[in-house]
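**Student:** Each chain is listed here by its residues.
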Amino acid sequence: MKIPMTLESSVGDLIVVLMAREIVNGDFVILGVGTPMAAAALLLARATHAPLCDFFFNGAINPEIEDVSVSLLRPEEVYARTDGFLSHRDIINQQQRGRVSLEFIRPVQVDAAGSINLSRIGDARKPKVRFPGSVAVPDSSVQFGRTILYVPQHDRRVFVGRLDFRSAAGHLEEGAWRKQMGIIGGGPSKVITNLAVLGFDNEQRQLMLETVHWGVSVEQVEESTGFKLLHSPHLRQTLPPQPDELQVLSEEIDRHRIRDMEFKSMRSTVMDRLAQLSTTSH
Amino acid sequence: MVTGKHGTAREKLLSLEAGAQLIPDGASLLLGGTTFNRKPMEFVRALVRAGVKDLRLYSFLGSMDVDLLVGADCAAATYCSYVGFELLGMAPGFRRRAEAGKIRVWEHSEGTFINGLRASAMGVPFLPAHASFGSELLEDLQLKMMDCPYTGQKVLACKAIHPDVAVLHALRADPYGNTQGPGIPDFLVDSDYMAARAAQRVIVTVEEVVSPEEIRRCPERTVLFHYEVEAVVHAPRGAYPCGYMPLYAPDWAHLQMYVRSAGSEMSFQDYLKKHVLHDRVAG
Numbered sequence: 043m044k045i046p047m048t049l050e051s052s053v054g055d056l057i058v059v060l061m062a063r064e065i066v067n068g069d070f071v072i073l074g075v076g077t078p079m080a081a082a083a084l085l086l087a088r089a090t091h092a093p094l095c096d097f098f099f100n101g102a103i104n105p106e107i108e109d110v111s112v113s114l115l116r117p118e119e120v121y122a123r124t125d126g127f128l129s130h131r132d133i134i135n136q137q138q139r140g141r142v143s144l145e146f147i148r149p150v151q152v153d154a155a156g157s158i159n160l161s162r163i164g165d166a167r168k169p170k171v172r173f174p175g176s177v178a179v180p181d182s183s184v185q186f187g188r189t190i191l192y193v194p195q196h197d198r199r200v201f202v203g204r205l206d207f208r209s210a211a212g213h214l215e216e217g218a219w220r221k222q223m224g225i226i227g228g229g230p231s232k233v234i235t236n237l238a239v240l241g242f243d244n245e246q247r248q249l250m251l252e253t254v255h256w257g258v259s260v261e262q263v264e265e266s267t268g269f270k271l272l273h274s275p276h277l278r279q280t281l282p283p284q285p286d287e288l289q290v291l292s293e294e295i296d297r298h299r300i301r302d303m304e305f306k307s308m309r310s311t312v313m314d315r316l317a318q319l320s321t322t323s324h
Numbered sequence: 018m019v020t021g022k023h024g025t026a027r028e029k030l031l032s033l034e035a036g037a038q039l040i041p042d043g044a045s046l047l048l049g050g051t052t053f054n055r056k057p058m059e060f061v062r063a064l065v066r067a068g069v070k071d072l073r074l075y076s077f078l079g080s081m082d083v084d085l086l087v088g089a090d091c092a093a094a095t096y097c098s099y100v101g102f103e104l105l106g107m108a109p110g111f112r113r114r115a116e117a118g119k120i121r122v123w124e125h126s127e128g129t130f131i132n133g134l135r136a137s138a139m140g141v142p143f144l145p146a147h148a149s150f151g152s153e154l155l156e157d158l159q160l161k162m163m164d165c166p167y168t169g170q171k172v173l174a175c176k177a178i179h180p181d182v183a184v185l186h187a188l189r190a191d192p193y194g195n196t197q198g199p200g201i202p203d204f205l206v207d208s209d210y211m212a213a214r215a216a217q218r219v220i221v222t223v224e225e226v227v228s229p230e231e232i233r234r235c236p237e238r239t240v241l242f243h244y245e246v247e248a249v250v251h252a253p254r255g256a257y258p259c260g261y262m263p264l265y266a267p268d269w270a271h272l273q274m275y276v277r278s279a280g281s282e283m284s285f286q287d288y289l290k291k292h293v294l295h296d297r298v299a300g
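Going down the list, the protein sequences come from chains H and G. Per the numbering used here: the first sequence ends with 324, consecutive numbering throughout. Per the numbering used here: the second sequence ends with 300, consecutive numbering throughout.
Hints should not be assumed to be uniformly reliable.
Unchecked claim - DSBU-like mimics (lysine-lysine), calculated; alpha carbons at most 30 Å apart, straight line:
no.: 1; chain 1: H; residue 1: K306; chain 2: H; residue 2: K168
no.: 2; chain 1: H; residue 1: K270; chain 2: G; residue 2: K70
no.: 3; chain 1: H; residue 1: K168; chain 2: G; residue 2: K70
no.: 4; chain 1: H; residue 1: K221; chain 2: H; residue 2: K270
no.: 5; chain 1: H; residue 1: K306; chain 2: G; residue 2: K161
Don't read these hints as lab results, they were simulated from the structure.
Let's have the full structure, built from the sequences with the hints guiding it.
**Tutor:** Here is the structure:
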């Protein structure tokens, strides 16, 4: 069955490919729940350039996931083919000891220092908007080797000059704060969006433009960002997804495009697809 | 025979409705499970039917359990690191009550939540942690940083969390409360037992009630002992529409339908009538 591509799906594929490229052999990645784009990126990296990265998913270490949809529809199959299980106690301990090297995070708001809001807009007692919450992001930001943020829609609502609330700390005080506090984790290292890839400059530890996607201008990225973006001295164009990357992604990793669920506009379409799958797969 | 508060090996099987009566208005109630796994949903529905009020709800990763209790006006406050429906979107009932100022949301990070429960389970007033540094959640929760007395290293002092009651859904128990979990460790399943051991009282709902002999046939699966458990409630498919692996996966279609229904007050009330209050409606 050929699933028709939409604008969202091609943006999603681009971001997944760029996320996958950040994973290296030797990484220990924690896959959050409800992040199919991150799951697709991890499986893509393992199927291509980083077969030797380890990962934790739903309590299991390196489960064999033949397709992203299987992890949702038939989790028992995932559990049947794995190196083993790590208890909550042990994964929490390993995180706190600095054993985890990478997690992908989708922020609601992010500022120039890479601090993140996942909590609320407005007062605690009567917030204007209440988000689901910050899960382990406040912790991973100070414990993990690095975190990589992904933003499917790069605009001024996400990239803000001032956060409404700081759920998790980025590089406060131009990086001095992390040293003072003896923080073991590296904090945010990259932000991957539908327009560009951002990194942090070495001196001020502020977000800077590293690569701009084809067809996107530097001005467009700047206009979509609510603070002044630094420019990398090596600013260039993003290497587009290659045919082999897209092919593995669409034909092996996530054939039913579960990753599109991260776009609100596509959620019900994907849910219908999942429902069909669950009735046909038994 | 061991005796103590709940120590005597007595039978403690209760009906769902009698179990719900053990939760007084205003109780701090910890719900086991993580997002769509092992949620004690049958018990949650019984609490809604019982009309319990002003609960202070603790859930590590909340979903429909918290949303239903908040939406049905059973709760005054929540203490969670997440309340949402993952891929299905935000928690509509929770959001509506929070944004109207009807409940107080005390957001935790996973680190402050788990270390607070760990402290309680260990019997210490706080636990030092390398977690959540620089998060404004710490100010909300009034958690303090401190220096390690030996190394000077900065640590977060996670204050102990002492829930009055923990309710969790497990695979099976005998009538005395010896409780067993699944053979394959489900996602973060041990956090349920740790949380139970941080609470004052524990109620388990189970898929199956078995004999003490059956429990003794696979003692390696026992996760809580009779002297820790106050009541056992038989609730087959008690996590539905959330899942209990490996017996059943979450019912995504139902969850999706719930999220849609909970989007407005009127359709939420319809959902309650149809799927939660039916026992009362039927008399």
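**Student:** Decide, hint by hint, whether the structure agrees.
**Tutor:** Hint check results:
no. : hint             : in the structure
1   : H:K306 to H:K168 : holds, 25 Å
2   : H:K270 to G:K70  : violated, 49 Å
3   : H:K168 to G:K70  : holds, 20 Å
4   : H:K221 to H:K270 : holds, 25 Å
5   : H:K306 to G:K161 : violated, 38 Å
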